[in-house]
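Top to bottom, those sequences are chains U and Z.
Mapping of the first sequence onto this note's numbering: residues 36 to 191, in sequence order.
Mapping of the second sequence onto this note's numbering: residues 2 to 515, in sequence order.
It should be emphasised that the hints constitute simulated quantities derived from the structure, not laboratory data.
The model shown is predicted, which means the values in this text are computed figures rather than measured ones.
Positions of the beta carbon are idealized from the N, C-alpha and C atoms, including for glycine.
One or more of the hints may lead you astray.
[Stated by the list, open to error] Derived pair list, reagent style DSSO-like, types lysine-lysine, alpha-carbon separation capped at 27 Å:
#1 133(U) x 451(Z)
#2 327(Z) x 157(Z)
#3 157(Z) x 42(Z)
#4 327(Z) x 133(U)
[Claimed, not checked] These stretches of chain Z come out as covered by chain U in the derived footprint (C-beta under 8 Å, 3 or more residues):
#5 468-474
#6 503-510
Chain residues, written in single-letter form:
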Amino acid sequence: MMILLSRFRIGALCFVPLLVAGCDSLEPELAAGDAEHHFPEHRPQNFTDGVRAVRSRLAKLSAEGAAQNRQQFARQGQELRDIIQWLPELAAETDLRKADWDRVHAASRRLAGRWGNFSARLAGNSSANAVPVTSEMEGDLAELDRLAQIVDSEGP
Amino acid sequence: MWETLFWGAGLRFSEALLQAAPTILVGLLVAAIVRRFLGYKLTFDLFGGNSRRGLFQAWLIGMLLPICSLGAIPVIRELRRAGLAGGTIMAFALAAPLFNPLSLLYGLTLSEPRTIIAFAFCSLIVVTIVGLVWDRLHPQTSQAEPPPPPVPYGLKRMLSLVVFAAREITGASLVYLLAGLSGVVLLAVILPHGSLSSSMSHENLWAPLVMTAVALPAYATPLLAMSQLGMMFQHGNSIGAAFVLLAFGAGMNFGTIAWMWRTYGLRPSLTWVLLLLVVVVGLSYGVERPLYPADAPAADHTHAFDVYCRPFAATTPDPFHEALTKLRQNLGLHEVVAACALATLMVIGVTLRTCDRRGRVEAWLERVPPAAESRAGGFDFVVPGWAVGGCIAVGIVAFSVVGCFAFYPPPSEVFEEMRIAKAEALSAATSGEREQAEHWLAICDDWTRKLQVGVYLRKGGLSDYHRMKAHVLREKLELLEHEVAERDADAIRHLNADIDRAYGRLRRAYEQEL
Numbered sequence: 036m037m038i039l040l041s042r043f044r045i046g047a048l049c050f051v052p053l054l055v056a057g058c059d060s061l062e063p064e065l066a067a068g069d070a071e072h073h074f075p076e077h078r079p080q081n082f083t084d085g086v087r088a089v090r091s092r093l094a095k096l097s098a099e100g101a102a103q104n105r106q107q108f109a110r111q112g113q114e115l116r117d118i119i120q121w122l123p124e125l126a127a128e129t130d131l132r133k134a135d136w137d138r139v140h141a142a143s144r145r146l147a148g149r150w151g152n153f154s155a156r157l158a159g160n161s162s163a164n165a166v167p168v169t170s171e172m173e174g175d176l177a178e179l180d181r182l183a184q185i186v187d188s189e190g191p
Numbered sequence: 002m003w004e005t006l007f008w009g010a011g012l013r014f015s016e017a018l019l020q021a022a023p024t025i026l027v028g029l030l031v032a033a034i035v036r037r038f039l040g041y042k043l044t045f046d047l048f049g050g051n052s053r054r055g056l057f058q059a060w061l062i063g064m065l066l067p068i069c070s071l072g073a074i075p076v077i078r079e080l081r082r083a084g085l086a087g088g089t090i091m092a093f094a095l096a097a098p099l100f101n102p103l104s105l106l107y108g109l110t111l112s113e114p115r116t117i118i119a120f121a122f123c124s125l126i127v128v129t130i131v132g133l134v135w136d137r138l139h140p141q142t143s144q145a146e147p148p149p150p151p152v153p154y155g156l157k158r159m160l161s162l163v164v165f166a167a168r169e170i171t172g173a174s175l176v177y178l179l180a181g182l183s184g185v186v187l188l189a190v191i192l193p194h195g196s197l198s199s200s201m202s203h204e205n206l207w208a209p210l211v212m213t214a215v216a217l218p219a220y221a222t223p224l225l226a227m228s229q230l231g232m233m234f235q236h237g238n239s240i241g242a243a244f245v246l247l248a249f250g251a252g253m254n255f256g257t258i259a260w261m262w263r264t265y266g267l268r269p270s271l272t273w274v275l276l277l278l279v280v281v282v283g284l285s286y287g288v289e290r291p292l293y294p295a296d297a298p299a300a301d302h303t304h305a306f307d308v309y310c311r312p313f314a315a316t317t318p319d320p321f322h323e324a325l326t327k328l329r330q331n332l333g334l335h336e337v338v339a340a341c342a343l344a345t346l347m348v349i350g351v352t353l354r355t356c357d358r359r360g361r362v363e364a365w366l367e368r369v370p371p372a373a374e375s376r377a378g379g380f381d382f383v384v385p386g387w388a389v390g391g392c393i394a395v396g397i398v399a400f401s402v403v404g405c406f407a408f409y410p411p412p413s414e415v416f417e418e419m420r421i422a423k424a425e426a427l428s429a430a431t432s433g434e435r436e437q438a439e440h441w442l443a444i445c446d447d448w449t450r451k452l453q454v455g456v457y458l459r460k461g462g463l464s465d466y467h468r469m470k471a472h473v474l475r476e477k478l479e480l481l482e483h484e485v486a487e488r489d490a491d492a493i494r495h496l497n498a499d500i501d502r503a504y505g506r507l508r509r510a511y512e513q514e515l
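The task is simple: from the sequences and hints, build the whole structure.
Written out as structure tokens, the structure is:
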């Protein structure tokens with residue numbers, strides 16, 4: 036019993052300071068770092084900028100393709116996908132009514148799916164020739180443009 | 002440094018105790034019903050005896066009762082006395098704290114419904130596999146005790162509930178409750194302030210294992226666990242870690258393990274914990290990819306797990322005062338009422354244990370009155386104990402469902418509360434009062450969630466549009482919290498205006514476009 040007790044005491048004596056002091060060494064950097072929320076650099080400021088960014092980036096990527104720099108294409112493709120997926124959130128920061136917001140949501144979902152297929156085609160295109168954006172994607176972009184105009188007309 | 006640790010641990014202990022008070026009270030009531038009304042025979046049958054379906058029935062009954070892992074302790078002690086097998090009892094102990102009507106509703110609205118349903122199904126897999134294997138490895142664990150003599154109907158029978166609960170809360174159950182809360186204290190001592198903020202990301206392969214290490218000693222009420230799950234989904238955290246948090250953080254605590262150790266011995270307890278670890282961690286890695294939402298925005302950090310770490314940084318000047326302020330700020334009325342009821346039971350229990358060591362009160366309660374006194378006749382007939390007990394048990398479930406409507410009020414009431422909280426938060430942020438701002442911002446955030454659940458409850462659904470409007474406001478509230486911490490006056494002013502606009506749009510969406 037005595038042996039058990041002394042073992043327990045020794046264990047406890049070693050364990051507690053180790054826990055307290057050992058873990059405390061982490062504290063300064065973590066305490067200071069109520070880590071900040073960072074928005075990625077490619078996140079647009081607002082919905083209208085987002086729609087413009089989707090159009091311009093899509094045009095650029097379909098014109099250049101992946102033939103020259105696959106890594107860069109993959110990164111830019113992912114950024115475009117991010118922007119498409121942010122559109123509903125950006126639209127919710129405007130005065131768009133529910134029916135119009137639902138249209139943004141639906142268009143961005145469709146566009147994200149279509150971009151997935153389209154980017155695979157672009158990635159497989161070995162020539163430097165531009166691949167035209169499909170008419171379905173053009174339809175979604177036109178819908179988003181129209182909704183962006185509504186937002187613009189309502190003012191900030 | 003030591004002062005910060007001491008008062009930090011004290012704060013976490015008190016917070017956990019207060020949060021647990023309502024569900025401990027319900028646990029005591031359920032245990033008393035089992036003992037005095039349902040009786041051991043009926044309870045044994047209700048839980049499927051010691052057949053294999055007992056595991057499923059224990060899981061199902063556990064899912065319906067609004068108790069937490071600490072509140073489950075007095076109940077499992079009674080189930081043991083009723084002669085149920087260890088696997089069935091532990092299936093109940095694990096399943097009961099995972100969901101209740103309040104938390105399930107919260108989870109279905111604010112988390113991914115598909116994920117919550119999958120988690121419920123996974124919990125059934127866990128209790129079935131672990132229960133079956135454990136019962137096979139350790140057969141003959143049931144040990145029925147003779148049932149207590151029946152208490153005559155009437156006031157005495159109701160009084161017997163109070164007497165049992167009072168003795169239980171000042172007896173062995175208290176020791177297990179304290180053992181359960183010791184895990185919270187341990188974490189508050191060893192985990193530095195904010196140290197879990199970036200360790201649960203989806204990309205981190207170790208996230209479910211890190212969560213296991215944290216969640217095993219941690220104690221979370223079903224609602225707290227569900228709100229943390231919601232935040233994890235919102236921040237694109239690891240789904241596996243979320244499942245581990247639910248299974249271990251809400252489902253068990255040191256008290257449950259201590260009870261098992263004391264009741265079944267060291268080896269069977271270790272087997273149980275090891276089996277649980279293997280199945281839960283295995284499942285957590287299994288569900289990570291299939292349940293991870295494709296469009297989840299991965300945030301760089303979350304404050305969802307700050308409650309398991311030290312509440313104060315080492316440099317906090319007056320930790321005692323800080324702890325007291327935080328405790329006062331976070332107190333809910335239902336917690337205060339439940340804590341007072343528990344304190345009353347404890348006073349009664351201590352008095353009984355001091356003045357009536359031989360159980361004369363119980364003997365008096367159990368004394369059968371002469372036949373002439375016992376019935377008035379006519380409509381004044383004797384309602385059997387099982388009927389009264391069953392009604393109370395069903396009443397508890399029904400009450401918790403009805404309670405949902407009070408806990409998640411309609412939009413008009415929410416906006417009235419939110420308007421006040423927002424004004425307080427923005428004013429505190431502008432004047433640079435960080436603590437006040439954080440307090441009111443958290444309340445605002447909480448109201449946006451209650452708003453969503455309240456609408457879901459009343460309308461039977463919630464559109465993506467309404468979810469997004471609430472999400473936008475929450476994002477801005479979180480940004481403001483960071484800017485207040487950074488003391489960036491320009492950004493605060495800008496965000497205040499943004500929050501006002503987002504609030505206006507949220508209100509319009511919920512008042513005019515539902």
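How the hints compare with the structure:
For the proposed pair residue 133(U) and residue 451(Z), the alpha carbon gap of about 21 Å is at most 27 Å, so the pair holds. As the CA atoms of residue 327(Z) and residue 157(Z) are separated by approximately 42 Å, the hinted pair breaks the 27 Å bound. Simply put, residue 157(Z) and residue 42(Z) have alpha-carbon atoms about 22 Å apart, close enough for the 27 Å limit, and the pair holds. For the given pair, residue 327(Z) sits about 39 Å from residue 133(U) by alpha-carbon distance, which is inconsistent with the 27 Å threshold.
Here the stretch 468-474 of chain Z counts 4 residues with a CB under 8 Å from a CB of chain U, which clears the bar of 3, and the coverage holds. As drawn, the stretch 503-510 of chain Z meets chain U at 3 residues by the rule of a beta-carbon pair under 8 Å; at three or more, the given contact holds.
When the structure is compared with the earlier hints, violations turn up for hints 2 and 4 and for no others.
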